[in-house]
Structure formats: structure tokens, C-alpha cells
Amino acid sequence: MTILPLNDPALLALSLALPALATLAIAWLGRWPNLREAATLVGAVLLFAVVMMLLAHVLQGARPELKLVAVAPGLTLALKVDPLGMLFAGVASTLWIVNSLYSIGYMRGNDEPRQTIFYACFAIAITATMGLAFAGNLFTLFVFYEILSLSTYPLVTHKQSPTAMRAGRVYLLTLVGASMVLLLPAIVWTGLVAGTLDFRVGGILDGKLGAGALALLFAMFVFGAAKAAVMPLHRWLPAAMVAPTPVSALLHAVAVVKAGVFTVLKVTVSVFGIETLQTSGASEWLVYVAGFTIVAASVVALRADDLKRRLAYSTIGQLSYIVLAAALASPVAVLGAALHIAAHAVSKITLFFAAGSVYTAEHVTKVSQMDGIGRRMPWTMGAFAIGALSMIGLPPTAGFLGKWFILDAATGATNWFAVGVIVVSTVLNAAYFLPILTRAFLRPAKGPRREAPLPMVIALSATAAGTVLLFLFPGVPYRLASMIVGG
Amino acid sequence: MIASHLPVLVILIPLLGAVLAALSRHGFAAWLIALLASAAMAAASLALLFRVQAEGMISYRIGGWAPELGIEYRIDAFNVLIVVLVSVVALLTMIYARRSVLAEIIPERIAWFYTMMLLCVAGLLGIAVTGDAFNAFVFLEISSLATYTLIALGRDRRALVAAYQYLIVGTIGATLYVIGVGLIYLSTGTLNLGLIAERLAGIEGSRALIVAEAFIAVGICLKLALFPLHAWLPNAYAYAPSSAAVLLASTATKVAIYLLARFLFTVFGGHVDVGALPIGAILIVLSVAAMFIASAAAVFQNDVKRILAFSSVGQVGYITLGLALANPTGLAGGLLHLVNHALMKGAAFMAIGAIVLRAGTAKLDELSGIGRTMPWTSAALTVAGLGLIGVPGTSGFVSKYYLILGALEAGFGWLAILIVASSVIAVLYVGRIVEVVWFREPAEAARASREAPLELLLPMWVLAGATIWFGIDAEWPAGLAAAAARQLLGGAP
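In order, the protein sequences belong to chains A and B.
Mapping of the first sequence onto the working numbering: position 198 corresponds to residue 198, and the numbering continues sequentially without gaps.
Mapping of the second sequence onto the working numbering: position 419 corresponds to residue 419, and the numbering continues sequentially without gaps.
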């Protein structure tokens, strides 16, 4: 297949326009739920097709670009696809289809109110995710980062209960606050020093700042992107768990949190450049902060009885694997981090799907209530088991891959602290996931067999299968991940 | 040829309109006159803008008398921006005003209301176009007296106290200003701003001039409500009739800021022994204080109009900060924020005015769920709020971006952090409004109301739309602001 240069910008434009149009269609069709859900599904499938076409081109070496609008001198909204963004967009657009299917089952099964605004905000969040993944410069990334924060706020506060409103406040203040106080100044500073905001593999800051200033700037980026949930800016994530489960699944296990680590990784590779980071040692401190976050989050997860809360803290820990890899700043580490973005996405969404399925069928929200539930909901808990294995990092699940390369990078750098953290964390992961499995499968069941609505079961089986398939056939993500640093 | 008289026409049109409106004594007729006058005035100021862009600075001599004896009007890249802003916002306010005024003002006073609105606009435009220090004082008084009356026309009895409070403070401000102008006249023998600037160059270390600068700066800062000289503003905005609040919030303080910049840069710019009077440093401190303290005060208000008013005091801080930075980027950012803030605050006050019209209250705790029954109005309020925070995609982001860049260029990294940190406070007060309006079950007031009429929504959404548009395509306003900043930093006009 030849690459038509005219086609690529059009595809890029479509990747933003499709979910945006889906938003309008959803709002317009609000009165007819079936048509409204059809709009979501059609939008998701078309977006997937467009992203796959872009993927084919990117794998052949194309780097499509599109200048959207020059906002003001020095500020341009521009898109440029690179392998890392392609990977992120591919994961998000694939899982949007599955998640939409799941949402339909969940929202109808639980008779949730205000569904039109729910689906509309969801589609806006996907638009923002696409824009963020394909951002060609720091300004564009920031714009979509903020749109993502704002569009997910109504989803977090969906229940409109006092707890939900409080959680919404924490959510918005942490994410928007950190991005304005740290991320924005970091971007302006970068622009001033480097003379450009464009991403370039190898970085734009080489030799322009001293080691101390580089470390400070790197810290501003890492904590400014609070969506990465590096401690102490992690509180918003467990708070956001009051949202309906599909939101926790796609947004707070995939799109929003990955937007955070994606930003960190992107900045590592294309603003600082891994060589600059290595020679200056500007990211060394982050190994310790990320390591602490991994272990501390796992300890909290160990003690959490609420299932979604346990999953949220597990996410915080897993995100910091990626941040840790960014801090190690070597090609292998970046490879592992990118793979882990894909692997954690597909496994964690499975776990959340299962949690939501258990809630819909049995209204169970706590680990202590899950006795024998595996016998009653074998599909759901079977998928949960696969997701859990992947979190621990055991083959044959996708979680093994990323962890393997990150461990490889840590030993390669003879960073024994990082190695220790990964080992300890693996043990802790097992310690908080395996008891759920033993409880669910080995304790006696308290009732008859009863699965969640069919769309939900299909969705969670699909992502569980994906978790295994990604281990068996990691070809495409692996090629993308190895192209990130190689150029 | 009418085109050559444009500089004076922009003032004569509203002035004549005011006389006609007063004579008409009839509410609807007065409104029609005000609307037509504003439309003509807006057209004239746009024509003026294109002429300035094509030909550069315009000097107009009133009655043909040369400066020194006569009064000169000078239009350059800086004040043409203010003229266009004031007249366009005035036109939108007039479109908006009819329904709102019918509901808020006793019928026999409506004609007077429009008279005062036009007088106020005439005064504001006069300050902007004149090149004469004393003439500026005259226009300042015209606009101020009209403003006192406008505020006092509010239905709430507290409006009288608010108007009285502003009358006292405003008069003190004007007096300080005129004392400063008197001192300058004694030292230089002229009232023409251009000539003053030229003659100041020849005067070294005169104490009278330093005192003059202090008097003028403090006098004007009272009018522009620079923290801590802002106490008059929240009550004035909260109790004035809704449409008067729109006009005042988006134009009155902006024109005062213009006058301050004119004196600091064009008149005194580098001529007086600047070291003796650290106006830049003082301005930075007070601006930062405004950004934090006034914004924090906004968080604790219950009346939405008061939230917006305190927010205005805070936002003025960003603009004066831009003036204090005095480098091309920072100053352009400040001036851009002047324009952007006028647009978004205009939209916000129009929205709350519409809510008052329909729901009869501006108290936040009574407005639960009003977004359900008045979605377009609430959406405009939300857009304006996002602009106040400085969310990317709104004009507020672009101006704050330039301010941060300006602070970093000046080597004030800490100032950049303060700018963004204070924006987080805006998240709090805007977030409170958004939460109540959209995410609460509709209360009594919300259930009883319906969407605002089109003639309110239209001007409201022109301003809200501009807030979005200038956030996505800021080339035009940023270009105008940069040109204005160059003009100011270039020294004498």
C-alpha cells in the first residue's frame, strides 16, 4: 500500500472530528436512547478504523502532521503522530469500542440518570485523548490535557451526591491546579529556553540549562502532570472512584491516567531527550519518588476493603512503573514503559469491568463480600483473574512484558533500588490480588449462578482475551515501542 | 470630509444622543436613541481603527486651534484599542439593556437611565481620545457623575449607599489627579500630554514632578480599583442595575487603566528620576496582592454579582502587573488581558443580569440547578468563568500566557509562579458557581424560570463567543495589543 501524502492530514483531522461529531450526535439524539447509543458505537468504530489506517502508515515510517490553527505568535495548535502517541491513541480508541458496549449494559442495568450528558462527556474526553496523543507541541498537549480534565469532571460528579461533589472538587482542583501551577510554567519556561515548543526526539533542551535547572524543570513536568498520580499528588484518583464504573474503567484506568504518564514519557523522550537526562542526572531523584509511590500505593491497596479503591491504588502503583522507567531514561526503559502503557490499560480495564459487573449483578462493592462469587459469576471472575495475573506480571499475560523490560533497564543501569522496588512490589501485588481470587473461587457460593448483563460479559471477556493475546502476539505494540527512541 | 472629524465624532455622537434621550422623556424612544447613537459610535470607532492602522497616529485639533492654546485629540495604536472596546461593548450593552431595564427601573426614570449611560460612554471615550491632561479630567468627571447616577438608579436601597461611597472615593481620586495635573502645569507650562513629555526631558530632578506623578498615580488607581483602593467597587457593581453593571465592569476600570498607562509610559516614561519613585515595584506588589486577596475574597461571596466584582479587582491586578513588567511581552499580555477581561466580564455580568431578570435573584444558594432551565445563559456564564480561570481555548489563557512569558523574560520566575498560583483561586470561585448552577437539583427559583429572551442572549453570546474565538485565534487582538505595547514603550507619542 502506498502512502498518499494527502490522506494523512485528513485522517488526523478525522481522528479528532469523529469523536467530536459523536458528541454532537449524542446530544442531539438524547431523546432516543437506542439511536444515541448507536451514535456512540458508530463513532467508536469509525474512529478505530481511522486510527488503524494511521497505524499502518506510521508502521511504514510515516509521521503525519497537521497544523490546526495558529492561536497567537508562538502558540500553534498542531498535530504530529509519533510511535508513542500512536500506541496511546491505538489503545484508547480500541478500548473505547469495548467500553461503549460495556457502558450500555452498565448504565441500563443500573438505571443511571442523566445518560445523555454521560455519553456526551465521554465522547469529549475521547476527543481530548486523541488530541493529546497526537499533539505536535507542548501547547497542544496542554490544551487537550485541560479539556480532558474539564470534560471528565461531570463524569466524576455523575451521582451528584455530596460525596461525589466533594470528590469532584478534589479531582478538579488537583488536576487543574497542578497543571496550571506547575505544568504551564514549565511549558512557558521550556519555550523561553529552547525557543520552540515542538516535540523532537532527542529533546530540545540539550545544553541549554544547567543540571539543577533541568532537574527542577523535570520535576515541574512530572508533578504538573498530576494525572500520572505520582505521590503526593495521587489523592484525586481514589476520590474519582465514586464515578460510574465505565468511567473508572476507561478514563481512570486508561485515558486520563495514561494521559499523565504519556505526558511524562513524551517530555522525557521529546523535550529533554534521554541522553540529556542521563548525562545530567536530572531525573535520578524521580527513581526514588516513583519507587516510593509504587511501594506505598501497594501497601495501601493491601489494606483497602473497597474493591474499586483497591484497584485505584493498584493503578497508582502501576503508573509509577512507567514514571520509574522514564526516570531511568534509557532506550530499554522507554520501550518497557510504552509496552506497560498498553498492557496496564487492557488489564486494568478488565479488572474494572469485572468490578462493575459484580456490582451490577450483586451490588457487591467490598472485597469482604466476595466470598464464592467466582462460582456464581465464572466469566466475570475468570476475566478478573487474568487481569490480576497481569497486574502481578505473570506470563501468559501482557503485564509480564512491560515489567520485564523495565526490570531489564533497572539491572542494566545497575540501579539496585529500582530492582528492589519492582521485586517488592510484585510480592505486594500478589498479596493484594491473590486473596480476592481465593475468596471468590474457593469459598462456598451463597446463591445461584447469575452473570451480569450480556454486553458487559462480552466486553470483559474481550479485554481479558486481549490481555493474553497481547502477551502472545506483542508484535505491533513492540514495533511501535521500539520505534519511539530509534526514530 | 466627515472622516477627518472621526476623533471628535466618537464623543459628539453619544453626547448628542444623551441630550436627545433626556429630551425624549420616553423610555422606548430613549432606548432607541441610545441604540442608534451607540451603533453610529461603534461604526465611527471601527473606521478610526482602520485609519490608524493604515496611516499611523492621528492628531486632531479641536476648533482648529494648535496645541498649547487648543485641545488636541491624539489617536494611536494604544487608545484606538480602548475606543473600539468601549464603543463595541456599549453597543452590545444597549441591545441587552431594554428588557433588563424594563424589569429593574421605574418607568419614568428609564429615559434618564439611557441619558446617563450615553454620558458615561461619552466621558469614557473622551478620556481615551484626548491628548490633554485637563480635558481628561473633565471627561473623567462626566463619566464619574454619570456613573454615580447609574448606580443610584438600582432598585435595591443599598444602591444609594454604594453610589454615595463611590461618589466620595471617586471625587477624592479625581481631586488627587487634578492636583497632580496642576503641579505638572506649574513645572511645564502646558497641559498637552505630548508637549509635557517633551518638556519634562529638559527638567532634572524636580520634586514637584515626583509629587505630581505620585498624585496622579494614586488618583487614577482609586478609579481603577487597584487593591487596596477597591472598596467602592464590589457594592457599586452588585447594586447597580444589571445593564449598568455590564457597562461599568467591562469598560470603566479599563479606561482608568488606559489613563494610568498613558501617564506612566508616554508622559513620565523615563523622564523623571524613576529611581526616586519605585512605581513599578509598588505596582507589582499591589497587583499580586489583588490577584490573591481579592480573588480569595470572591470565593467567600454569596451574591454572584459580588463574586464577579471581587474577581474584577483580582483580574485588574493581572493587567496592572503587565504594566509594571514594562517589557514588550508582559505589557502586551497586560493590554490583551484588558481587552479579554472586558469581553468575558461583560458576558458574565450579562448572564447574571439575565438570571436576575428570570429568577429574580443573584444569590448563589438560590440558583441551584438554574442550568437546567436557562442552559444558554448558564453556558455563557460558564464560558466566561473558564476565561477568568485562563483555561486554554479561552482568551484568558492567551493573555496569561504572555504575562507569564513577560515575567520570565524580566527574570522574575517567582512572579510567573504567583500568576499561575493565583489562577487556581479562580478555579475555586468559578467552580462554586458551576457546581451550583449545573450539578444541583433545581431549586424553586430555577423551576420558576425559563431561558432568557433572545435580545439578551444575543449580545451575551457575542461576548462569550469572542472569549472562545480569541482563545483559539488570538492573532488579531494579540497583534493589536503588541502594537499598543510597542507604542507605549517607544516613548513620546
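Treat the hints loosely; a few may be bogus.
Non-contacting residues of chain B with respect to chain A, defined by C-beta distances greater than 10 Å in every case (computed) [stated by the list, open to error]:
| hint | residue |
| --- | --- |
| 1 | L46 |
| 2 | G56 |
| 3 | A362 |
| 4 | E366 |
| 5 | S423 |
| 6 | V427 |
| 7 | A448 |
So, partial list: chain A residues that the calculated Cβ filter (under 10 Å) puts toward chain B [as the list claims (entries may be wrong)]:
| hint | residue |
| --- | --- |
| 8 | L150 |
| 9 | P154 |
| 10 | L172 |
Residues from chain A shown here face chain B by an in silico Cβ test under 7 Å; the list is partial [stated by the list, open to error]:
| hint | residue |
| --- | --- |
| 11 | T76 |
| 12 | G177 |
| 13 | A194 |
| 14 | F400 |
I should point out that these hints are in silico values taken from the structure, not numbers from a laboratory.
Every residue gets a Cβ at the ideal spot worked out from N, C-alpha and C, and that includes glycine.
Violations among the numbered hints: 5, 6, 11, 13 and 14
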